[in-house]
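> This is what each chain is made of:
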Amino acid sequence: MKTKLFAIAAGLMTATALASVPAKADVKIGLLGGVSGPIAAMAPAMIDAAQLAVQQVNEQGGIGAGETLVGVVGDSACNPQGGTDAATKAVNIEGVVGVVGPHCSGAVLAAAGSVTIPAGIALITPSGTSPEISNLEDKGTVFRTVPSDDYQGRALARTMKDQGYGKVAVAYLNNDYGTGLANAFKSEYVDELGGEITQFAAHEEGKASYRSNLAELAKGGADTLVIFDYGDGTGLTILRQALENGFFDKFVGGDGMKSDAVINELGAENLASFVASSPVGAKSESLTMFNDAFKGVGGDPDAIFANTSYDAAFLMALAVEKAGGKKEDVAAAMMEVSNGDGEPIRPGEWKKAKELIAAGTAIDYKGAAGEHEFDAKGDVPGTYALFEVGSDGFEVVTEMQ
Amino acid sequence: MEFLGLVNYALFMAIFIGIYALLALGLNIQWGFAGLFNAGIAGFFAVGAYTSAILSTPAVEGRLGGFDLHFVLGWIGAMLAAGLVAWPIGKICLRFRSDYLAIASIGIAEIIRLVIKSEPALTNGARGISSIPRPMGDIGYMESQIAYLIIVLAVLIAAYVLVERQFNAPWGRMMRAIRDNEGAAKAMGKDVEFRRLEAFIFGAALMGLGGALFAHFNRSITPEAIDPMVATFLVWIMLILGGSGNNRGAILGAAVVWIIWSVSEIATDRLPHEYAVQAKYIRLFLIGLMLQLVLRFRPEGLLPEPLRGDQRATKSGADQH
Numbered sequence: 001m002k003t004k005l006f007a008i009a010a011g012l013m014t015a016t017a018l019a020s021v022p023a024k025a026d027v028k029i030g031l032l033g034g035v036s037g038p039i040a041a042m043a044p045a046m047i048d049a050a051q052l053a054v055q056q057v058n059e060q061g062g063i064g065a066g067e068t069l070v071g072v073v074g075d076s077a078c079n080p081q082g083g084t085d086a087a088t089k090a091v092n093i094e095g096v097v098g099v100v101g102p103h104c105s106g107a108v109l110a111a112a113g114s115v116t117i118p119a120g121i122a123l124i125t126p127s128g129t130s131p132e133i134s135n136l137e138d139k140g141t142v143f144r145t146v147p148s149d150d151y152q153g154r155a156l157a158r159t160m161k162d163q164g165y166g167k168v169a170v171a172y173l174n175n176d177y178g179t180g181l182a183n184a185f186k187s188e189y190v191d192e193l194g195g196e197i198t199q200f201a202a203h204e205e206g207k208a209s210y211r212s213n214l215a216e217l218a219k220g221g222a223d224t225l226v227i228f229d230y231g232d233g234t235g236l237t238i239l240r241q242a243l244e245n246g247f248f249d250k251f252v253g254g255d256g257m258k259s260d261a262v263i264n265e266l267g268a269e270n271l272a273s274f275v276a277s278s279p280v281g282a283k284s285e286s287l288t289m290f291n292d293a294f295k296g297v298g299g300d301p302d303a304i305f306a307n308t309s310y311d312a313a314f315l316m317a318l319a320v321e322k323a324g325g326k327k328e329d330v331a332a333a334m335m336e337v338s339n340g341d342g343e344p345i346r347p348g349e350w351k352k353a354k355e356l357i358a359a360g361t362a363i364d365y366k367g368a369a370g371e372h373e374f375d376a377k378g379d380v381p382g383t384y385a386l387f388e389v390g391s392d393g394f395e396v397v398t399e400m401q
Numbered sequence: 001m002e003f004l005g006l007v008n009y010a011l012f013m014a015i016f017i018g019i020y021a022l023l024a025l026g027l028n029i030q031w032g033f034a035g036l037f038n039a040g041i042a043g044f045f046a047v048g049a050y051t052s053a054i055l056s057t058p059a060v061e062g063r064l065g066g067f068d069l070h071f072v073l074g075w076i077g078a079m080l081a082a083g084l085v086a087w088p089i090g091k092i093c094l095r096f097r098s099d100y101l102a103i104a105s106i107g108i109a110e111i112i113r114l115v116i117k118s119e120p121a122l123t124n125g126a127r128g129i130s131s132i133p134r135p136m137g138d139i140g141y142m143e144s145q146i147a148y149l150i151i152v153l154a155v156l157i158a159a160y161v162l163v164e165r166q167f168n169a170p171w172g173r174m175m176r177a178i179r180d181n182e183g184a185a186k187a188m189g190k191d192v193e194f195r196r197l198e199a200f201i202f203g204a205a206l207m208g209l210g211g212a213l214f215a216h217f218n219r220s221i222t223p224e225a226i227d228p229m230v231a232t233f234l235v236w237i238m239l240i241l242g243g244s245g246n247n248r249g250a251i252l253g254a255a256v257v258w259i260i261w262s263v264s265e266i267a268t269d270r271l272p273h274e275y276a277v278q279a280k281y282i283r284l285f286l287i288g289l290m291l292q293l294v295l296r297f298r299p300e301g302l303l304p305e306p307l308r309g310d311q312r313a314t315k316s317g318a319d320q321h
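These protein sequence lines are chains A and B, in that order. The working numbering puts the first residue of the first sequence at 1, with every later residue one more than the last. The working numbering puts the first residue of the second sequence at 1, with every later residue one more than the last.
One or more of the hints may lead you astray.
[As the list claims (entries may be wrong)] Distance condition first, Cα-Cα at most 20 angstroms in a straight line; then the derived EDC-like pairs of lysine to aspartate or glutamate:
id	chain 1	residue 1	chain 2	residue 2
1	A	LYS326	B	GLU2
2	A	LYS28	B	ASP138
3	A	LYS161	A	GLU285
4	A	LYS295	A	GLU285
5	A	LYS139	B	GLU143
6	A	LYS139	B	GLU300
[Unchecked claim] Here are some of the chain B residues that sit facing chain A, going by a computed Cβ distance under 8 angstroms:
id	residue
7	GLU2
8	VAL115
9	LYS117
10	GLU119
11	ALA121
12	ALA126
13	ARG127
14	ALA225
15	GLU274
16	LEU284
17	PHE285
18	GLY288
19	LEU289
20	GLN292
21	ARG296
The set of hints was computed from the structure by calculation and includes no laboratory data. Where a beta carbon is used, it is the ideal one built from N, C-alpha and C, also for glycine.
Using the sequences plus the hints, can you model the full thing?
Have a look at this one:
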């Protein structure tokens, strides 16, 4: 049995070694995501969106001198163990020139800290929202196409103050998304703007009833409940039970709460006092172009983080093209292809971008999920708007500053 | 695939195997020697990782520490903290037997995970702790991996030698006696409760050390790392496959399971493009299948527990029923 097992292990490795002689004309980028693990339901759509960008590149002339771009999928399992493992394989075995992903913040921190930063490979995550990622000592190699939770929380606090909200209670999901948003919101709303938060409480997901949490939150006399949670999950339960029992008059949500599930389940007529913040990317021309293209390959453009994943992969392709395929230059090139100056490039316009890069003209990618102008930390500011529920779904109330 | 890339990947795997081997050794003390079914490895792993992170990171506002100590102190602290946490847990839970202890320890690990996730003042909550210093971390990618591997190997060899010594010492024989026949051991005047607690604490301290090595290697630790799948059950599979009760078996099991776990992904990547995502699930299937096969055809593991003299005769006699 011992020998048999060794034989199997050895066989696997040999098969791997034999099979992985690369075709010369391929340029590879790693697409790391939480294929198995807690976000297994979200990951396939995100990876498909990234593969769409790869496909468009290849359809419109390929990368460099007509080489094929290949997206190598790796399973980061939404944890640091899987994240470092997948990143090590992508960088060392596949020889990728850049990494798109991983999806979860913990995996991003670990993969960047132990693999991509030491190896000098550019990494861009479509969904790692932890503020810790901003503070990495990354020598300019770590980027993201989704704003830090910190940014949205603060913008929402300022907008609510402008809109005249008074005393609020905050309920947030106890994970890095909910905690990050809630803390940023609290520090801006209370410390900077002098607002009042009467109750500030985390909740665990997946319970059948949150009435006791809500009763606790309602103490202190706030008329507004701010919910940082997901509108197709626990957030929906909380909102429903708060409405049923009349605990609060007004409701505010973060981008996770701007889900069609809320309208479908509760009915637009019951949501007159509900507003939610969300990236404005929601209505741009770029987004329409992405949505049409993604529908064309059978994807669901409303899938969460699909557009940021697409943007991350497309930006990576642009940066690789700009860097001439040299992996040590990709990170610097990433800054150049989306800094607000130059000829605008929209999703899918690979041919145009390729010609402009060849001619030495500056380009500026305007993505499906936002304009993605990176700051020195590789973060994007994000443009948010506050949405209310109208007769035709979500409608913009005001831009958030 | 370049040669240097392969070397880098092999180094990475060796480091991970070393870390997992420490966890498996810790479990071997608890399960292999003393027969304690601890299904809360992730909890002690986390205590060690976070303790070392807090001790060795520079001071940060808003959470406990950091104390900016040398990483060696962090690792010693990690062992002490994991042992200290294990003490009251063992005191209470070790009264349970086998599967009841497993249930209780799963619960304990979950409590530890939730505390870590919910106490920003202690552990920075769900965001975790980053910028943990990695010893020799600033000397280039491959060089720093080599340096870290040497450190991990040194720690592992030291742990192995010490545990192996204990195994062959009267202490080890006593533990096995308690495991195999508690009543007889008690009749011989052994303090069973105390000895079981001892084994539990030693094992937990090794798990804490493994956690600390993990955190420093990744330069960060987040609650996502305390996933029972990769921090508890994978370790169990390693020990069962390698051979519980055998320290070399524990290390071999860690190597075999991690290599299959990691390398199988490269193999499944050779499947056609359309299956790129689905193929990832084959890995989970492979590990499960392997465990089934081992339990069916070789329940004692690749390297079975070394038995001597009369014990061997009675053992094989008993097996023939």
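> Against this structure, judge whether each hint is valid.
Against the structure, the hints:
Straight-line distance between C-alpha atoms of LYS326 of chain A and GLU2 of chain B comes to about 16 angstroms, which keeps the hinted pair within the 20 angstroms bound. Between LYS28 of chain A and ASP138 of chain B the CA atoms are separated by roughly 27 angstroms; this puts the pair beyond 20 angstroms, and the hint is violated. Between LYS161 of chain A and GLU285 of chain A the CA atoms are separated by roughly 30 angstroms; this puts the pair beyond 20 angstroms, and the hint is violated. Annotation: proposed proximity of LYS295 of chain A to GLU285 of chain A holds, straight-line Cα distance about 15 angstroms (limit 20 angstroms).
Proximity of LYS139 of chain A to GLU143 of chain B is assessed by CA-CA distance (about 18 angstroms); at most 20 angstroms being required, the pair is judged to hold. For the hint pairing LYS139 of chain A with GLU300 of chain B, the CA-to-CA distance comes to about 50 angstroms; that exceeds 20 angstroms, so the pair is violated. Checking GLU2 of chain B against chain A by beta carbon gives a least distance of about 6 angstroms; that is within 8 angstroms, so the hint holds. Here the hint on VAL115 of chain B is broken, as its CB sits about 12 angstroms from the closest CB of chain A, past 8 angstroms.
The criterion of a C-beta within 8 angstroms of any C-beta in chain A is met by LYS117 of chain B, whose closest approach is roughly 6 angstroms, and the hint holds. For GLU119 of chain B, the shortest C-beta to C-beta distance to chain A is roughly 11 angstroms, which exceeds 8 angstroms, and the interface hint is violated. Taking 8 angstroms as the C-beta cut-off, the interface hint given for ALA121 of chain B is violated, the closest approach to chain A being about 12 angstroms. Given hint, ALA126 of chain B at the interface with chain A, holds; its Cβ is 4 angstroms from that chain's nearest Cβ, closer than 8 angstroms.
Checking ARG127 of chain B against chain A by beta carbon gives a least distance of about 5 angstroms; that is within 8 angstroms, so the hint holds. The interface hint given for ALA225 of chain B holds, since its Cβ lies 5 angstroms from the closest Cβ of chain A, which is under the 8 angstroms cut-off. A cut of 8 angstroms between beta carbons decides the hint on GLU274 of chain B: the least distance to chain A is about 10 angstroms, and the hint is violated. For LEU284 of chain B, the interface hint holds, the least distance from its beta-carbon to any beta-carbon of chain A being 6 angstroms, beneath 8 angstroms.
The beta carbon of PHE285 of chain B is not positioned within 8 angstroms of any beta carbon in chain A (closest approach about 11 angstroms), and the interface hint is therefore violated. With a least beta-carbon distance of about 12 angstroms to chain A, the hint placing GLY288 of chain B at the interface is violated under the 8 angstroms criterion. Taking 8 angstroms as the C-beta contact cut-off toward chain A, the hint placing LEU289 of chain B at the interface is violated, the least distance being around 11 angstroms. For the restraint placing GLN292 of chain B at the interface with chain A, the shortest Cβ-Cβ distance is roughly 13 angstroms, beyond the 8 angstroms limit, so the hint is violated.
Evaluation of the ARG296 of chain B hint against chain A yields a violated restraint, the C-beta minimum of about 10 angstroms exceeding 8 angstroms.
Hints 2, 3, 6, 8, 10, 11, 15, 17, 18, 19, 20, 21 from the earlier list are contradicted by this structure; the remaining hints agree with it.
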